[in-house]
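> Construct the complete structure from the given sequences, taking the supplied hints into account.
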Amino acid sequence: MEQAIIEAAKYVGAGLCMGIGAIGPAIGEGEVGAHAMDAMARQPEMAGSLVTRMLLAMAVTESTGLYSMLIAFIILFV
Amino acid sequence: MSLSKGEKIFVGILLAAIIVTWLFSLSNIGGMDQLSQMGIGTKWIYTFGEEPGFFTRINWMTVIMGGIICIIIIVFARGVSKKFSMIPNRKQSAVELFLDFMYKTVEDSITVKEYIKPVFVISTTLFIFIGVANIISGIPGLNVSVIGGKPQFSLFLDTWYTPTSDLNTNATYALMTLVISHAFAIKVKGFGNWIKSFFQPVFIMFPMNLVGEISKPISHSLRLFGNIYGGGILVLILSYMVKYLILPVALWGFFGMFIGLIQAMVFSMLTVAYIAGQIE
Chain A
145 MEQAIIEAAK YVGAGLCMGI GAIGPAIGEG EVGAHAMDAM ARQPEMAGSL VTRMLLAMAV
205 TESTGLYSML IAFIILFV
Chain B
4 MSLSKGEKIF VGILLAAIIV TWLFSLSNIG GMDQLSQMGI GTKWIYTFGE EPGFFTRINW
64 MTVIMGGIIC IIIIVFARGV SKKFSMIPNR KQSAVELFLD FMYKTVEDSI TVKEYIKPVF
124 VISTTLFIFI GVANIISGIP GLNVSVIGGK PQFSLFLDTW YTPTSDLNTN ATYALMTLVI
184 SHAFAIKVKG FGNWIKSFFQ PVFIMFPMNL VGEISKPISH SLRLFGNIYG GGILVLILSY
244 MVKYLILPVA LWGFFGMFIG LIQAMVFSML TVAYIAGQIE
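Residue numbers (our numbering), protein chains in the order written: chain A, 145 to 222; chain B, 4 to 283.
Bear in mind the hints are in silico, worked out from the structure with no lab data behind them.
You may find that some hints are simply not true.
[What the hints assert, rightly or not] On the chain A side, residues computed to face chain B include the following (Cβ under 8 Å):
| no. | residue |
| --- | --- |
| 1 | L199 |
| 2 | L200 |
| 3 | L210 |
[What the hints assert, rightly or not] One-sided and incomplete, this derived list gives chain B residues near chain A with beta-carbon spacing under 7 Å:
| no. | residue |
| --- | --- |
| 4 | R226 |
| 5 | G229 |
| 6 | G233 |
| 7 | I265 |
| 8 | V269 |
All residues carry an ideal CB built from backbone N, CA and C; glycine is no exception.
See the structure below:
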């Protein structure tokens, strides 16, 4: 019984961790993409270098989501 | 686009290897299922001596793959640098384009003139090593997972083991960046001014500055580690039902090569940014 409760709590915890932790990076990446689109619409000739910088900024933004993913993996497998 | 004879042979061998891998893994789906489920995210750590401690553990695959990647890079660099000429061939112009791009980005952010070259060397070396390591993690090859305390080698059932999916490698590079940035800061500003920079706006801000400095290598290393390690596990979880049918090739291309190259770029750019922030 105790073991079953621990197992269930693990799955619930991992799901909550991933779900809540994905909110912040999602909003952040949306902001980055939206402003990059604005900038590209204003200056279409800058599009090449803007895409590179947008991807760099997105990679930095999504790191907080990755921390919660690591925690979820640790909860599930370790 | 015209391919030379050597390139045609290379592409042919690659396609043949992929088809052979596919047939081989179709023939033992049962074993694969067990392998991908049980040994998930485990590492082959060898402990010698009786008492487990900091210096008696060795992570064999990290050491071996790090060496292999170093050898790949050295062989490629020697092959390019042997025949430098005024009129560059394709390899040389690719290398020159890449190094020129890296030098320009470093030049833009470092304000002290005599530190442009060392910072360029550090960040580009990190980018090349991490980039090659991450590209390797998108190609099927040798991998090890521990099942029941015993290492199980799997050839072409998973991608190559990459040293960047081990936190020790990333933490080493992040700590190295931290030490280098502070050493440069002491050299540029002098010891007194370096100490003063911790008490910068007001005296009370010292703990904040200290925590800010300590958290730099943690986030720097965990970002790369989370991307590569989490990406590998994500591919295994998403694709263990239809492994090697259609999905994993695209997923390896995305998580291994695309994300890997972007993360290598981010790592080296952040290295430049941290050093630039210290010596400004």
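> Confirm or reject each hint.
Hint-by-hint comparison with the structure:
| no. | hint | verdict |
| --- | --- | --- |
| 1 | L199 | holds (6 Å) |
| 2 | L200 | holds (6 Å) |
| 3 | L210 | holds (4 Å) |
| 4 | R226 | holds (4 Å) |
| 5 | G229 | holds (4 Å) |
| 6 | G233 | holds (5 Å) |
| 7 | I265 | holds (5 Å) |
| 8 | V269 | holds (5 Å) |
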